[in-house]
Each structure stands twice: as C-alpha cells, then as structure tokens.
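Could you use the hints to bring the two separately framed chains together as a complex?
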Amino acid sequence: MPNLRVRSGRLAAAVLAAGCAAGVLTGCGGAGGGSAGGHSINVLMVNNPQMVDLQKLTAKHFTKQTGITVNFTVLPENDVRDKITQDFSSQAGRYDVASISNFEVPFYAKNGWLDAMDPFLAKDSGFDQHDVLPTMRQSLTGADGKVYGEPFYGESSFLMYRKDVFAAKHLTMPAKPTWQQVADLAAKADGAKPGMRGICLRGQPGWGEMIAPLTTVVNTFGGTWFTKDWQAQVDSGGFKQATQFYVDLVRRHGEAGAAQSGFTECLNGMEQGKVAMWYDATSAAGSLEGQGSPVAGKVGYVPAPVTRTDSSGWLYTWAWGIQKASRHADDAWKFVSWASSAGYEKLVGSTLGWARVPAGKRASTYANPDYQKASAAFYRATQTAITTADPANPGVQPRPTPGIQFVDIPEFTDLGTQVSQQLSGAIAGRTSVPAALRASQRLADAVAKKYR
Amino acid sequence: MRRILGVVAWLVGIAFFFPVAWMVFTSLHSEQAAATNPPDVTAPLTLDGYREFFGASTGASPWPYLINSATASLVSTLLVVILAMLAGYALAIRPVRRWTDALFFFLSTKMLPAVAGLLPIYLISQRIGLLDNVWLMVVLYTAMNLPIAVWMMHSFLREVPVAILEAAALDGARLPTVLRRVILPVAAPGVAATALICFIFSWNEMLFARVLTGVVAGTAPVFLTSFVTSQGLFLSKVCAAATVISVPVLAAGFAAQNKLVQGLSLGAVK
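Chains A and B, in that order, are what the protein sequence lines are. If you read the first sequence in our numbering, its first letter stands for residue 1, the second for the next number, and so on. If you read the second sequence in our numbering, its first letter stands for residue 453, the second for the next number, and so on.
Here chain B stands alone, though its shape is the one from the complex (with noise of 0.2 Å):
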C-alpha cells in the first residue's frame, strides 16, 4: 500500500513539475524549434531565448521591469506582514471585542472580483495622477493581500502559548518589545508563510499592472507579454522570459523553505 502512494505521489509530483520542465526545456530551443509540431526533443540547444530577453535585438532591457516587480513586490510585502502581525495580535492575542466580526469583515473584501474594482481604480488613479506609477501597485497589492493575510496570522498566533506573554509582562516587557522578542520568534514561520505568499501574489499579479502601469511603472509579468506577437514565432522567447521571471519566486521560496514547512503545518496538529 505504502509502496502504491509513493508511485502515485511521485506521478502527482512529475505531473505538476512537467509543464514547468518542458517551459525551461523549451527556452533552450530556437524559435523554429520550439514551434514545431510534434516536438523535436533532438533539436540543438542555445541560449537565444535568453539573448532576446535581454534585448539582445531590441535593446530593451528588462531591468526596470523587474526592479519595479521587486519594489512592488518587496515593499507591499513588508508592509503587509507589519500589518496583518499588529492586526493578527489585536484579533488572537488581545482580542477587541467583536473579533469575529472584524476577522469576516477583512475576508468579506476578497470576496469582490478584483475586476471589478479594476475601473473605479483606474479612474481614480488617473485623477489623481498615480497612472502608471510603481508607488501605486506598492498600496494596491498591500491591500489586496492584507485580508489573507490577516487570516494567516490571526491562526498562527493563535498558537503563542498566553503564558510566555504573561511572563513577558510580568518581566515588564512593553508591546513593541514583546511583539520582536517573544511573539516574532515563536510566530517566526507563519511569517515566513504569510510573507512568502504575499510575495508570490504581488509578483505575479498581472490584471492590475496590465492595466495601470504603461511606460515607467510596468513590472515584469506585463514585460513577459510584449514579446507575444500574432506575426512570427516568439515561444521560445516567452518561456526564457517565464523562466528568469520564475527564479526569485523560485529563490524566495527556497529560502522560506525550512520555515514553511512548520508554518503550514503549524496549527494543524493540537
């Protein structure tokens, strides 16, 4: 039996792995290569995908998109693990009253499409003259992942034993002293949880950015789709670009890795 979950386990595993083998197998290949149809696994490998990429005949550099991708990513990231921590604290640790209710009440905005607000947004952000500005996607994607957040931390501090806070008091600790030496350590992978999930959605986020940023703010998931074109063949182009995009996902998640793994299952066991 043991034996039959790990066949099906490793299959699950290859069958979720596959379509990210064959995107950096096929960024190797030219472009006729890569568009030929039943695929050619003997063609010669190269690098011109990733020369295209880098502007190698257009000149265009993705550097700025991808620094706007990191400013977005990174800066709305930190400011949602700050937030959802003191909100996590107000809601698990220290309940005000009626938490239940503020706990729904951040989950109740997720439940919007975000679509739907994309047109007020977008109205509002030109009036105000923030179209195409990085800062903007920094405030929309702390908002749009806080409640998740929100929820990820409410449920991890939930498990900081009371009486290591009692104890802390008693010992005189002030809030902000208590939040970094006693409740961040203990908490320490749900952080990693949260802020590594905030990080992935924000980077990824394509909807908004496509639509708000333009010349200066665009970040690296709207830079991927310049290169699809309805006049020529752009696969093996599109998948170097999805490769390179995918590394500090990759990156990040690596380094959260150890923490995660007690995150997500922190919790679950009583």
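Bound-form chain A, shown alone (with noise of 0.2 Å):
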C-alpha cells in the first residue's frame, strides 16, 4: 500500500493540528479564571442552614443597594475547609470572603492569610462591633490583637430533654445537671416510650461530629489533649475516666446506630420521638422548635452537664474572613458588614421567622421582643451558655491554646478524626476504651513534639 504510506507525514500534522486547536481552545477560556472583576465578590461557604437563607435574601436586599454582585459557592463542612485551606494558604485569590470558624481564625492570622477588620471597623459606625458579644470577639481575633473575622451566627452546647416524657416518668431535671445524674436520668428514661432511648451522644467518627461533645466532657471531668508544656494526656487521668463514661451512657442508653450517629442523626431521632435527651449545639433548638417539628414546645433546656468545673458549654461561631489576596476588600467588607449586621438579623425575622434567625453574635438580638417571643423555650439557656464560655480557660489545668472543643492548631482536625475513629470503633464494640486509647495517645504524642 505505498499510498498510505506516503500519507503517513500528513497523519502526525492532522495529530498535531487536533492538539492545537485544544491549545486555542484553551486561550479562549483564559478569561474566565481568576478572582471577580467589577463589583463583584467570590463567597466560599459551608452548606448550614442559616447560609441557604442567605444566598436566597441576598440578591434582593444586598446587590439591590450596593450593586455588589455576590457569587457564592457552597460545600459541605469538610469540602469547604479542604477548599478553604486551598485557596487561603496559596493565597490564590479566588474568593474573596470565606466562611471560618473561631477554630481557623488564630492560626490563619497568624499565617498571614486574612485581611486585619479594625480598619474597616474604624469607618463603619453603623456596625456597632460592641454589640457582638464578648466571647464571639475575642474567639476571633488573633494574637496580635486585631480582629480577623465577624460572627455570622454562634453556638454553645446545651442539654435538650423532653419535658413530657420526664412528666410522665415522674423525672426531675436539675437546674444545673451533673454528667451523672444526666447518666442515671438517661438509664430511668431509657424506654419509656416504644424504640426511645435515654440519651442522644454523637458517636460519628469526625473532629467536628464526635469529638466536639466528648472533649467538653473531658474538660469537666478534669481531663485535656495537652498539658499547658504540650504533654499528650490522652490516656491517662480525666481524659480516660471521661471517655470511659462516654463510651458506656451511649452504648448502655445512648441512640441506636450511635457509631454512625452526627449532629443530623440525633436531630432527627429527637425529632421522631426516639431519644428522650439530648446533648449537642444550642442551634439546633431553632430546629426542635421550628415549624413543623412534632417536638415544638415539649423540649427543655438546661446548660451543659458538668462534673469538677462550673460549665462546660462549648463556644463555636461560623464567621466571614476575607482573603488577605483579594482585590476587593471593600466590597467584601461591605458584603461581611451586611451580613453580620443586626439589621439582617431583621430582615430574616421579618422575611422568613424569627426561628431562623443566625443568632448567638450579638446582645441586641437577645433584647429584641420578637426574637424572644419565638424562642422564649431556649433564647435564655443558649444566651447563658454563649456569655459563660471561657475558651482561654476551660478546664481545670492551663491549656497550650485556646479552645474548649478543640485544639486550636491545624494538626488537631486529622489527630482529632483519627482518634475519634477509634472511639467510634469502641462505640460500636469493636475494641475497648483503653485500646483505642493507648492508640490514641500516640498519635497525640506525634503531634505534641512538633510543638514543644
């Protein structure tokens, strides 16, 4: 066949010529990349509830009268960290303002990878940074003094029990519960109606599902991760006996499945009548008494249980950064400023429900009637649980950082996962409590000598 082969140099110049046209192709697209032009911002954002709401008011309320447009992008909890760190530690630029935690906020300005707000405080009178309450500022400004992020809504940890359920069974919740009579209370309730259980724990392995509730049980109980000279404590002491405890009140009364049990599945079993307490984040209250739960107006709120210390609430806050890299500061300054601002919490009272309301960050919204009057059941108890939390000191002995649920060094997310898988494996009654812990440990010990 010499006529094909001649052809044989035109076969490698078609090869060649394909190959091309995806290079132009790829020039054309150049413009699409990159960080917003105009008067636009990129928001990165975690998939909760109360951001839904607020992609759906912004359009209408915050590009209407500022003609910001505000493309926002929205992951699950551990997509968006991912993606955050990403984008923040290259300082890419993609996103302008980002949705971080009180958890992020210490080491990303410390990085260097925020954009300081006290300049922008400085001109913006009508924000009042007053009125965010005291444990909100201080959870999100760095060492160096300045503030590096706005709360959008903030939460503690409190007790939810059925009140009906207690009548019923003749129970009596105290005022101030301690984790062993909340135990004995869980065991007397446990069954009380057909497939309920005592207690709700989260048993989901993840630093953010099952860690965040156990450590505040291992503060109270007199434990902690690290001593104040980064000395792994994981199995020994508070920390053990907390675990321990832990570990047999959801295995003896704790929700069935409670080794694939978060936040949502306990929400859900609170909701469908199949636990009778529950321990968990001071948001979820607005769902309990939401529309449409079958629980409205038949849970009680008592703060969280304790053992050697004077509470044992958690303090966690999804908050705005904004990207040290972005070209529009002012702009996102303005999308933060209207977002946290009283004046939206308003808006969304007066457009959706005062229920739904992104609460926990400001003073004013705990005096506001309407708020008060849709969350008379829980706006006290949560308002006490947020004011009393005492990151810098939440245990019995002084911590290395700051935090009460958390660490606050970026190691802790993976260190605090992996040992969570472990427990869960214990929950489950594949291994038992010190294994999982003498494992622990050393994955503890890892991470400690980094540091000391």
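Hints in this document: simulated from the structure, not taken from any laboratory. Do not rely on the hints blindly, as some may be mistaken.
Facing chain B, a subset of chain A residues (Cβ under 7 Å, in silico) [stated by the list, open to error]:
# : residue
1 : Gln55
2 : Asn71
3 : Thr73
4 : Asn268
On the chain A side, residues computed to face chain B include the following (Cβ under 10 Å) [claimed, not checked]:
#  : residue
5  : Val52
6  : Lys56
7  : Phe72
8  : Asn78
9  : Gly206
10 : Thr264
11 : Glu271
12 : Ser287
Glycine included, each C-beta is placed from N, C-alpha and C at the ideal position.
Right, dumping it as structure tokens:
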C-alpha cells in the first residue's frame, strides 16, 4: 500500500493540528478563571441552613442596594475546609470572603492569610462591634489583638430533654445537672416510650462530630488533650475517665446506630421521638422549636452537664474572613458588614421568621421582643451558655492554646478525626476504650512533639 | 439449567439496578420521609427534591454547572475520539515501528494514581492562570481518557479487513477519505463504544473537578455535593440531583446502545 505509506506524514500533522486546536480553545477560556471582576465578589461558605437563607436574601437585599454581585460557592463542611485551606494557603485569591470558624481564625491570622478588619470597623460606625458578644469577639481576634473575623452566627452546647416524657415518668431534670445525674436519668428514661432510648450523644467519627461533645465532657472530668507544655494526656486521668463514661453511657442508653450518629442523626432522632435527651449545639433548638417540628414546645433546655467545672458548654461560631489576596476587600467588607449586622437578623426575622435568625452573636438579638417571643423556650439558656463559655480556660488546668471543644492547631483536624475513629470503634464494640486510647495517645504524642 | 441461569441473571440484574431505583424512589420523598429509618414506603410522593435542585429555595441555578459538565465532556470526548482514531490507525492499520512499545507507553500513563498528579496540576494551573477554567477540564479529561481510548480504537481497527483498505488505495482514495468513508463505517461500533466510555468517565469525574474548579467552572458532580450539609436533612435533594445528573449519561447510553452491543463483542470471536 504505497499510497497509504506516503500519507503517514500528514497523519502526524493532523495529530498536531488537533492538539493545537485544544491549545487554542484553552487560550480562549483564559478570561473565565481568577477572581471576580468589577463590583462582584466570590464567597465560599459551608452548606448550613443559615447560609442557605443568606443565599436566598442576598440578591434582593444586598446586591440591589450596593450593586455588588455575590457569587456563592456552597460546599459541605469538610469540603469547604479543604477548599478554603487550599485557596487561602496559596493566596490564590479566587475567593474574597469565606466562612471560617473560631478554630481557624487564630492560626489563619498568624499565617497572614486574613485581612485585618480593624480599618474597616473604624470607618463603619453602623456595624456596632460592641454589640457583638465578648466571647465571640475574643475568639475571632488574632494573637496580635486585631480583629480577623466577624461572626455570622454563634453557638454553645446544652442539654435538651423531653419535658413531656420526663413528666410522664415522674423524672426531674436539675437546673444545673451533673453528668452522673444525666446518666441516671438516661437509664430511667430509656424505653419510656416504645423505641425511645435515654440519650443521644454523637458517635460518628470526625473532629467536628463526636470529638466536640466528647472534649467538653473531658474538660469537665478534669482531663485535657495536652498540658500547657505539650505533653499528650489522652490515655490518662480525666481524659480516660470521661471517655469511658461517654462510651458506656452511649452504649447502654444511647441512640440506635450510635457509631454512625452525628448532629443530623441526633436531630432527626429527637424530632422523631427516638431519644429522651440530647446533648448538642444550642443551634439545634431553632430546628426543634421550628415550624413543622413534631416536638416543638415539648423540649426543655438546661446548661451543659458538669462534673468538676462550673460550666462546660463549647463555643463555636461560623464567621466571615476576608482573604488577604482579595482584590475587592472594600466590597468584601460591605458584604461582611451586611451579613453580620443586626439589620440582617431583623431582615431574616421579618421575611423568613424569627426562629431562623442567625443568632448567638449579638447582645441586641436577645433584647429583641420579637426574637424573645419566637425563641421563648430556649433563648435564655442559649445566651447564658454562650456568654459563660471560656475558651481561654475551659478545664481544670492551663492549656497551650485557646479553645474548648478543640485544640487550636492545624493538626487537630487530623488528630481528632483519627482518635474519633478509634473511639467510634469502641462505641460499636469492635475495640475497648483503653485500647482505643492507647493508640490515640501515640497519635497525640506525635503531634505534641512538634510544639515542644 | 437454562432456567436457573435465567433466574440468576435476573437476580444479578435487579441487584445492580436496585440502588438506582432506590435513589429515584428516595428523590420523590420529602426530606423527613427520606431520612426515616426503617424506610416508610407508603410515605406520600413529592417533587420538592427536584424543585430544590433547580434552586427553589436558594435561587442557585444548576444550569451553569450542567453546561460546564456538558462542555467538558462533549469537547473532550470529541478530541479523544479524533486523536484515538488517528493513533489507532498508526498502531493497528499502518503500524509504526515498535508499535507495541508505543501502545504500552500509552497504557503506562494510566499507572500513576490520578491523585498523585493532582497537586502538581493544581500548582501549574494556578501559575498559568487556568484554575477554575472549563477548558482546563477539557484538556485534563482529554488526557485522562486518551490512553484507554487508544487501546480500544487499536483493537477495533485491527478488525478492519486489510483488503478493503487496499481496494480503497487502488481506487486512489487519500487518507482522510479512507478514514472517513472506509474505516469509520466499519469501525463505527468501536467509535461509539469508545466515545460513550469517555463521555461517562468525564461526565462523572469528581476528584479533579472538585479541586480545580470554583466559582465559574464547577461541574455537575461538584454541584451535587453542595447539597450535603452537616446540619439538617439533605437525602431527598441529593437523590433528586443525582437522578437529574444521571439522565444525560443514560441518554447517551441509550443512543449508543445498538452500536455498543456490536462494539463490545467486536473482536471477541474470530
């Protein structure tokens, strides 16, 4: 086939041409990437219900007034953290604003990834920074004393229980329960109704799932992850006692499928009458008392149970941070200032209902009669929990970093998740608590070595 | 015996189809009913999950994501088929020197786990300003699917009888004509099978899309994950989204079905 042989040179040319076509196409798309242009900003945020409401209200109430278009990227919690770390650590500047928590703010600020907000605050008198709850303000301030985040909503933790079930079984919930009292009540309330268990405690692996409530129990039992000089304490003293207590309680009287239950599963279990008590985030109350909830009006709220400390509730906030590499910092601040304002809370209250207000960050929210009326069952308990939380001093001994339900180092996400996988195995009965903690101690020690 | 095999075949078929059917079924429930355990099969059906997918409560439209996915998948598939056909020709019909080495070189590029290339690709695309750009996805999907497509096209093109190529050459047909009017009709089932596989792979690709896209170039699988939340119920929404996002793949499968059956068995029996 001589004819075909001659043509093979053209074949190579055709391959090259096709390759070049791809190259040309690539060039055409160049304008699409990068940061947003003109009066528009890119916002990356976690997919929580409060953010979904924000997404709904932005075009009509923010863009219309300011002319700033907001492009939202919404992702689940773990994905959003990955993405934010990726974009902020490389200072790629694709996102002007991101939802970050009081866990990230201190070390993001230290790494120089965030824009300090003090200059904006100085010019923006309408924002009223002093209305923001002191614990929130403190947890979003960097080591250099500058403000690096403004809270969107805040939460602590407390104990929720079914008042009707307790009344029917003649049980009384103390105004400030201890963990031992809660364990006794869980035993008595277990089986109060067909298929109802005593208490729901998170058993799903994840540093933001099971580790959060467990660490508050550890704190009040006198344990800690690390001593002030970075000695890991995971398989000794209070940590061991607390973990054994937590795992025993959830195995004996906890929810079905505890090793896979996180916030969502417990919320669902509480709404469907599968558990009599639940220790979790204060923000859950909004859902339990919200429209269409079968348990609305039947739930009582008391402070986080304690053992050796006065209070044990955690402190957490989803806040806004502005990336240092952002080329639209002024527009970004306008958005943050709007989304974290008291005015935005009023907007949500009047358009979507007061139960859906992103609360837990401003003193004025708790003085608002409309909000008080809508959240009469829980607003006092929430406010007390948030204002009494003490991230600097959450346990019985000095800590190396601030933080109640976490240790404020980047390594904690991996450490917490790996330890929780061990402990989730203990809840499922695959391993024992001492064995799980021995393995965890080695992991914690490896992390601590870096800081000693 | 035939009967037993028939029953087994049906059982396996149902076992494969059941999760898909369950996904569609769940997508038609309210969030509360979808999260009920054990499942309540008598719960009333609703289209709320689909309304949510199309942005009923957030106003976030799925169309930009679907269009990005379609662009990345269709353009990359087209490029892959053209390139693989030419490569297949050079490896099967007019084998270049040491064509087996070339073939295995193509395959060796698939031996590195994709995730190992992710970080370098991220950094390079950041440097050259291609992050969050749909054409980056086109290039990546083309590169990712090309080796397997070359192998497929190679085995399909080997089945093309040499006699008809010689006949075409004697009639004075030049290469483009030979490719278009002689080889393509004979190899059509193979081309369809290759194109379908590449389309499915790139439509479903999630790892690279999740890391390399953001505000403007997000693809449908990335959009799908945005319904997952750690605070609240999302099962019905995610199932509805997964159902809608599966439709183009199903449509492509049905469209290629006739050709595909021939294509998959082509070369199996001499």
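Hints and how they fare:
no., hint, result
1, Gln55, "5 Å, holds"
2, Asn71, "5 Å, holds"
3, Thr73, "6 Å, holds"
4, Asn268, "5 Å, holds"
5, Val52, "5 Å, holds"
6, Lys56, "6 Å, holds"
7, Phe72, "7 Å, holds"
8, Asn78, "8 Å, holds"
9, Gly206, "9 Å, holds"
10, Thr264, "7 Å, holds"
11, Glu271, "8 Å, holds"
12, Ser287, "7 Å, holds"
Going through the hint list in order, the structure satisfies each hint without exception.
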